[in-house]
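There are 2 protein chains.
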Amino acid sequence: MKKDYIFTPGPTPVPLEVGLAQVHMVHHRSADFGRMLSEALDGLKYVFQTENDVLVFTSSGTGAMEGAVSNCFSPGDKVAVFNGGKFGERFVEISRYFGLEVLNRSYEWNVAADPRELEKTIKENPDLKGVMLTHSETSTGVVNDVEAFGRIVAETDALFIVDAISSLGALEFRTDGWSVDVAISGSQKGLMTPPGLAFAAVSEKAWAAVEESTLPRFYFDFKAARKTQDKKTPETPFTPAITLVQALNKAIEMMRDEGLEAIQARHELFAKATQAAVEALGLELFAADRSKAFVTTSVVAPQGIDSGDIVRTLRNEFGVFIAGGQGKLKGKIFRLGHVGYFDQFDITTEIAALELGLAKLGFKVEIGAGVTAALKVLSEGSAG
Amino acid sequence: MKKDYIFTPGPTPVPLEVGLAQVHMVHHRSADFGRMLSEALDGLKYVFQTENDVLVFTSSGTGAMEGAVSNCFSPGDKVAVFNGGKFGERFVEISRYFGLEVLNRSYEWNVAADPRELEKTIKENPDLKGVMLTHSETSTGVVNDVEAFGRIVAETDALFIVDAISSLGALEFRTDGWSVDVAISGSQKGLMTPPGLAFAAVSEKAWAAVEESTLPRFYFDFKAARKTQDKKTPETPFTPAITLVQALNKAIEMMRDEGLEAIQARHELFAKATQAAVEALGLELFAADRSKAFVTTSVVAPQGIDSGDIVRTLRNEFGVFIAGGQGKLKGKIFRLGHVGYFDQFDITTEIAALELGLAKLGFKVEIGAGVTAALKVLSEGSAG
Chain A
119 MKKDYIFTPG PTPVPLEVGL AQVHMVHHRS ADFGRMLSEA LDGLKYVFQT
169 ENDVLVFTSS GTGAMEGAVS NCFSPGDKVA VFNGGKFGER FVEISRYFGL
219 EVLNRSYEWN VAADPRELEK TIKENPDLKG VMLTHSETST GVVNDVEAFG
269 RIVAETDALF IVDAISSLGA LEFRTDGWSV DVAISGSQKG LMTPPGLAFA
319 AVSEKAWAAV EESTLPRFYF DFKAARKTQD KKTPETPFTP AITLVQALNK
369 AIEMMRDEGL EAIQARHELF AKATQAAVEA LGLELFAADR SKAFVTTSVV
419 APQGIDSGDI VRTLRNEFGV FIAGGQGKLK GKIFRLGHVG YFDQFDITTE
469 IAALELGLAK LGFKVEIGAG VTAALKVLSE GSAG
Chain B
119 MKKDYIFTPG PTPVPLEVGL AQVHMVHHRS ADFGRMLSEA LDGLKYVFQT
169 ENDVLVFTSS GTGAMEGAVS NCFSPGDKVA VFNGGKFGER FVEISRYFGL
219 EVLNRSYEWN VAADPRELEK TIKENPDLKG VMLTHSETST GVVNDVEAFG
269 RIVAETDALF IVDAISSLGA LEFRTDGWSV DVAISGSQKG LMTPPGLAFA
319 AVSEKAWAAV EESTLPRFYF DFKAARKTQD KKTPETPFTP AITLVQALNK
369 AIEMMRDEGL EAIQARHELF AKATQAAVEA LGLELFAADR SKAFVTTSVV
419 APQGIDSGDI VRTLRNEFGV FIAGGQGKLK GKIFRLGHVG YFDQFDITTE
469 IAALELGLAK LGFKVEIGAG VTAALKVLSE GSAG
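Chains as they are written, first to last, in my numbering: chain A, 119 to 502; chain B, 119 to 502.
What the hints contain is simulated information worked out from the structure, not anything from laboratory work.
The reader is advised that the hints may include incorrect statements.
Same chains, same label: a pair holds when it works inside one copy or across any pair of copies.
20 Å max Cα-Cα, derived SDA-like pairs, lysine to any residue [claimed, not checked]:
| hint | residue 1 | residue 2 |
| --- | --- | --- |
| 1 | K345 | G445 |
| 2 | K368 | H142 |
| 3 | K341 | E211 |
| 4 | K196 | P355 |
| 5 | K120 | S156 |
| 6 | K196 | P334 |
| 7 | K478 | E237 |
| 8 | K448 | T346 |
| 9 | K450 | L159 |
Treat the numbers as computed from the prediction; the structure is a model and nothing was measured.
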């Protein structure tokens, strides 16, 4: 008997109730779907903590990232991308692709972006039109200080665009409170829904920029999306992934029941339990700055072991899916997910599988030490 | 007791087996998903009747239409769009949006596009780079002669781009046999799957054009999609709608069991039964050319009745969802869908609801005449 456990930092486990919400389907030009989409938009405002318009697209999160660039800027506009991992790189790539002048503020992959670097960039570039930041950099586990960045960008004419794809619904995230002009997310991480929906919360400051922007966009056109969603019976411009909207509503209902603060406390506790377990096993945590790294725990592979072998062993031997390193970290780190639909026994299972896997690969591991360390943290917290 | 019946020409009814295939989810960077995507790509080649690459995008069909334009052309390229309804108009809109020079070959909405008009256009425009045609124009029910168009375009350097969104898997469609360079479709019509996946089958001639094209595309980049799909373990460039791929595979398995020819014969029979019923009720069929109009039957609303009232009456009184007119046909026609997961009793139910609805609206209707006419056609055919 070998069950499958999705412990990757995305897609994340989907509650059965959410999965089942996909089965029945309604027509998307109907009062029924209008009510569903209204409910989804209300729910998204809750998880984004915003009064801004939240737009819904049928795509991966990358589609909404492209939309943020193509709707807010014009060729030659200067933007600063704070880039500390694969998803920071994606913002660089999309921005360059669309002909923006990109200040690539790359920083070490194991630390957070430095707000002083932003201050310096702004001082040196009074013509800056945008600042892009990844909240939770899924490829490294590092979480950036969106609040500090937002405070600085808000005093300029630049837009603050944040990739909150893997953080939303897991970490504290205040779109309005932190002056985020375009906050981007997707269905398949903290929102516990299968992949296929992307979201963009757009501020008034961003809408003003949309009016000036000359880059081409059709499928990801923000104004078209706002126009159809603003109707009395909200719609999307093109046929949406109806069954995923149904699933999202079920997931947000569950999130409202648990409450955002409780969800965030749970993610923090599970991250700390995972970190304690990793250290108890004599392994090195990759992220130097772990003050908010509660979405995924990145771990340096032990000397002489390729992290890909750890990932493969856990998958093939035990049905446990964790993630390897991406880009320049391929083979060097592995990533333990704990975002979204996780309870405390998922954490102990994840650590147990890691212990068995490491032992199988010949790494000297004190069996039980990781699980014990995790349990100690869990028993001290309130993992309810 | 009032059940819901989705009899619109998209989204279409989803078999319970297909709906249920969404419930369980696998990780999209895994051998399991690689096998699923391989199966989907094989299945799509079967329904597209092609050896070309078939690309899979998480989006509505419109996303793949945008991709066809942005991947194959450059600003100023001259294309002829044969436009006889709302979806023909969309091709005009997208092409103009991306700065192409558009020859808008609009024709009456109740007839098919005339291949002689294409010949004339080609003669007058030797620099033509592309021809766009809608196979089944969902907004009118009219079906175009893709084969005749393809034969003509194939003798030129122009690309032949066909919107097969509502026809694929319902009507005969031969991507290779009819020289279609980019064939576009979506999951939610003949393929009996919920909306959220779009497809593009791309010929070698089109791939050569992609190399020359300078229009911007990122999320809908054809080459990026081909590169990841061509791997030993196929992937998509960005996180796909995993649960919809699972559903698609179940649907195509059902389609293989029935067989494409049998499916097409079923659609033809049901269309003819529906047409007979409409005429027996003394109503006028909208499409003058019905030789291949087997996806949806468009009907002129009786004198003095707004077609929207018919649609609303059927929805509100009986839970039966049919479609109204779009664009300039709003209020004037209604559309009876019979594409995808329909059996013969869906047809009689649809007609029965129409009879009851018309009677309720005060239209003099001989109750039972429509259903009887439909049953006669069905009993002569092999609707099994």
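Which hint numbers does the structure go against, in order from smallest to largest?
Going through the list in order, the structure violates hints 4, 5, 7 and 9 and respects the others.
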